[in-house]
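One letter stands for each residue in the lines below.
Protein chains: 2
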Amino acid sequence: MKPQNIRTLSLILSIVLYLLLGAAVFDALESESEVFRKKALEQKLNDLKSKYGFTAEDYRDIERVVLQSEPHRAGRQWKFAGSFYFAITVITTIGYGHAAPRTDAGKAFCMFYAVLGIPLTLVMFQSQGERINTFVRFLLRRAKQGLGFQQTEVSMGNMVLVGLLSCMSTLCVGAAAFSHFEDWTFFNAYYYCFITLTTIGFGDFVALQKTDALSKRPPYVAFSFVYILVGLTVIGAFLNLVVLRFLTVSTGERDVKPESRVAEQPQDTQGDREVSEAETADLSDPSRLRALLSCICCALYDRPSPPHPDEVGGHSNPVFYNSISYRVERASCSSCFTSSQASPCSQALCAGKNYPHSRRKSL
Amino acid sequence: MKPQNIRTLSLILSIVLYLLLGAAVFDALESESEVFRKKALEQKLNDLKSKYGFTAEDYRDIERVVLQSEPHRAGRQWKFAGSFYFAITVITTIGYGHAAPRTDAGKAFCMFYAVLGIPLTLVMFQSQGERINTFVRFLLRRAKQGLGFQQTEVSMGNMVLVGLLSCMSTLCVGAAAFSHFEDWTFFNAYYYCFITLTTIGFGDFVALQKTDALSKRPPYVAFSFVYILVGLTVIGAFLNLVVLRFLTVSTGERDVKPESRVAEQPQDTQGDREVSEAETADLSDPSRLRALLSCICCALYDRPSPPHPDEVGGHSNPVFYNSISYRVERASCSSCFTSSQASPCSQALCAGKNYPHSRRKSL
Numbered sequence: 001m002k003p004q005n006i007r008t009l010s011l012i013l014s015i016v017l018y019l020l021l022g023a024a025v026f027d028a029l030e031s032e033s034e035v036f037r038k039k040a041l042e043q044k045l046n047d048l049k050s051k052y053g054f055t056a057e058d059y060r061d062i063e064r065v066v067l068q069s070e071p072h073r074a075g076r077q078w079k080f081a082g083s084f085y086f087a088i089t090v091i092t093t094i095g096y097g098h099a100a101p102r103t104d105a106g107k108a109f110c111m112f113y114a115v116l117g118i119p120l121t122l123v124m125f126q127s128q129g130e131r132i133n134t135f136v137r138f139l140l141r142r143a144k145q146g147l148g149f150q151q152t153e154v155s156m157g158n159m160v161l162v163g164l165l166s167c168m169s170t171l172c173v174g175a176a177a178f179s180h181f182e183d184w185t186f187f188n189a190y191y192y193c194f195i196t197l198t199t200i201g202f203g204d205f206v207a208l209q210k211t212d213a214l215s216k217r218p219p220y221v222a223f224s225f226v227y228i229l230v231g232l233t234v235i236g237a238f239l240n241l242v243v244l245r246f247l248t249v250s251t252g253e254r255d256v257k258p259e260s261r262v263a264e265q266p267q268d269t270q271g272d273r274e275v276s277e278a279e280t281a282d283l284s285d286p287s288r289l290r291a292l293l294s295c296i297c298c299a300l301y302d303r304p305s306p307p308h309p310d311e312v313g314g315h316s317n318p319v320f321y322n323s324i325s326y327r328v329e330r331a332s333c334s335s336c337f338t339s340s341q342a343s344p345c346s347q348a349l350c351a352g353k354n355y356p357h358s359r360r361k362s363l
Numbered sequence: 001m002k003p004q005n006i007r008t009l010s011l012i013l014s015i016v017l018y019l020l021l022g023a024a025v026f027d028a029l030e031s032e033s034e035v036f037r038k039k040a041l042e043q044k045l046n047d048l049k050s051k052y053g054f055t056a057e058d059y060r061d062i063e064r065v066v067l068q069s070e071p072h073r074a075g076r077q078w079k080f081a082g083s084f085y086f087a088i089t090v091i092t093t094i095g096y097g098h099a100a101p102r103t104d105a106g107k108a109f110c111m112f113y114a115v116l117g118i119p120l121t122l123v124m125f126q127s128q129g130e131r132i133n134t135f136v137r138f139l140l141r142r143a144k145q146g147l148g149f150q151q152t153e154v155s156m157g158n159m160v161l162v163g164l165l166s167c168m169s170t171l172c173v174g175a176a177a178f179s180h181f182e183d184w185t186f187f188n189a190y191y192y193c194f195i196t197l198t199t200i201g202f203g204d205f206v207a208l209q210k211t212d213a214l215s216k217r218p219p220y221v222a223f224s225f226v227y228i229l230v231g232l233t234v235i236g237a238f239l240n241l242v243v244l245r246f247l248t249v250s251t252g253e254r255d256v257k258p259e260s261r262v263a264e265q266p267q268d269t270q271g272d273r274e275v276s277e278a279e280t281a282d283l284s285d286p287s288r289l290r291a292l293l294s295c296i297c298c299a300l301y302d303r304p305s306p307p308h309p310d311e312v313g314g315h316s317n318p319v320f321y322n323s324i325s326y327r328v329e330r331a332s333c334s335s336c337f338t339s340s341q342a343s344p345c346s347q348a349l350c351a352g353k354n355y356p357h358s359r360r361k362s363l
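As you go down the protein sequences, you meet chains H and G in turn.
Note that my numbering numbers the first sequence so that position 197 is 197, with each residue one more than the last.
Note that my numbering numbers the second sequence so that position 332 is 332, with each residue one more than the last.
These are computed hints drawn from the structure, not numbers from a lab.
Copies of the same chain are indistinguishable here, so a pair counts whether it falls within one copy or spans any two.
Below, in silico cross-link-like pairs of lysine-lysine (DSS-like), each with a Cα-Cα straight-line distance of 30 Å or less:
#1 LYS79 x LYS210
#2 LYS39 x LYS210
#3 LYS49 x LYS216
#4 LYS38 x LYS79
#5 LYS49 x LYS39
#6 LYS216 x LYS79
#7 LYS216 x LYS38
#8 LYS216 x LYS39
#9 LYS49 x LYS38
#10 LYS49 x LYS210
#11 LYS39 x LYS79
I would like the entire structure built from these sequences, with the hints used as guidance.
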């Protein structure tokens, strides 16, 4: 069977197993408290029903009114600021759903808007990410030179470490800010930032949904929009660094023949020939999956980059050293992202308090 | 200024303008009906308040109970099937928010789960997408041979057309199925499928949230899970075909020097040398953005692929012809996706009816 097919099948199998594992854990963690919550709510509801003696139909009306009124709690969602906020959640695919179009024209335009906006946004964040990584690499090289390091080359390990620290700082800054502005616990604010910047966007916590913030607190509105867009850029830079290569593995496989690859690089150093062979072996090897799956125990290894292009007259673009043709073994570092990202969650877990809250934190 | 910087700045500017445009249109489309809806709800609420004479605090309790009870309407969200559904919405970043973890342990695990699951899912869908595109290309070539076409090469235009039809069919099949199972209008069901498969996932329409479907309708549950995963694969295949190259532009720029690129391909045909030159010119040219932006008036052009690799002893992997090194001019076809995707929306718009509905269609 073709290596690409083996890799794809292994990936599908991994995802199915991962979903089964996730389902089992979420069931174990949430199922019990769900039953407890449901009972408590039913009890509270029966008290209220008996106190006011609602007819079934009236209670249905109350439900409908309360649920439909919820978006209005934050003031007008569809004036310019609110619509801008909504537009951000569409093209970034965050999709909180705190406000969703209610007219057919709005829904149709939303679909049309997303069809063009999502690819454009994807490309923009990846392009920004690549520029940022190139700049960070330049700064690190300068810093190493300034500090008189003998080895001034910037390794993938250095870049991943900087990326990790940036992602964690972005989340922590956001958590601090939103816990202040929204009166959420730090843990809940961290969870909000994480769910937002991964574009999951449950909508259980949504910023700018209290005290008519969208119309009455322009500086906070501006901060929130900028935070989301800058935060997504930081995450995008990290994905560009460590995940994009996996997406382009197949593209990379056009170079599969080692001998032809070597023939293609008459000027390359031995180091670069190793690259092409590594590629041949690794890109088509399902064991690359283990790199992605073994994130928890992954340790950054800090091998220096190949000689600087200027020194060997090789590739002239530093981005090459982040590219899919660059030692693919290093792609395993991508998994470090996942492990190290988790740690702040667990720290935050200790800080967090488990207050029951409504679907929207505006309540 | 470096071409990559010009491209990135142009992209940022485009996104800002696109957001401003979107905000203006959403404001125009939704703002008025929002005011109207709000007034109607306030009227209804006042009637109910005067009928039952709630105290402010009791009404607050009723609100809280109704909002917190909403997820329970669909039966237990966190038993295995529900947790599996939730896990899908996390790693695909759909994030409806129909159910969201309420315990701190659940939130912490959710973050950890997403950090590993999202990159893995991204890679899986792109890998599947690339395999599907390779298979479709093979089938099309065989079909052309079978039908006795003189030119049996499969062009980018052919692939984009097939991709478009697949995406539109997937959406229409889903719309038909969910409008049947959930009693939604075809337009609303189409909108639900679109918002789900783009991973926006507002959560205003969520499947499996009525009549305790998660526990009582296993075949429908299975269908919904399979539909979401298969649908995302089809969209992933299309993105792999037409958008991935834009994400990898920077990676492609390692090949910037035409002469060195030509030197790298001693066996290549003139056609392929044009490719490298096209790349040099186009990848670094902000005019590529216009390809992405000009989707509405974009027409598929159907230039045949370069000679089959076997004929010229060139690249052995058909995927090469989808790769970023393949005539980048053709990338402009990516924008066709966006235009043609819109048409079914507008068709569906005619079919759709504008019933006011609660945030969750389960009401």
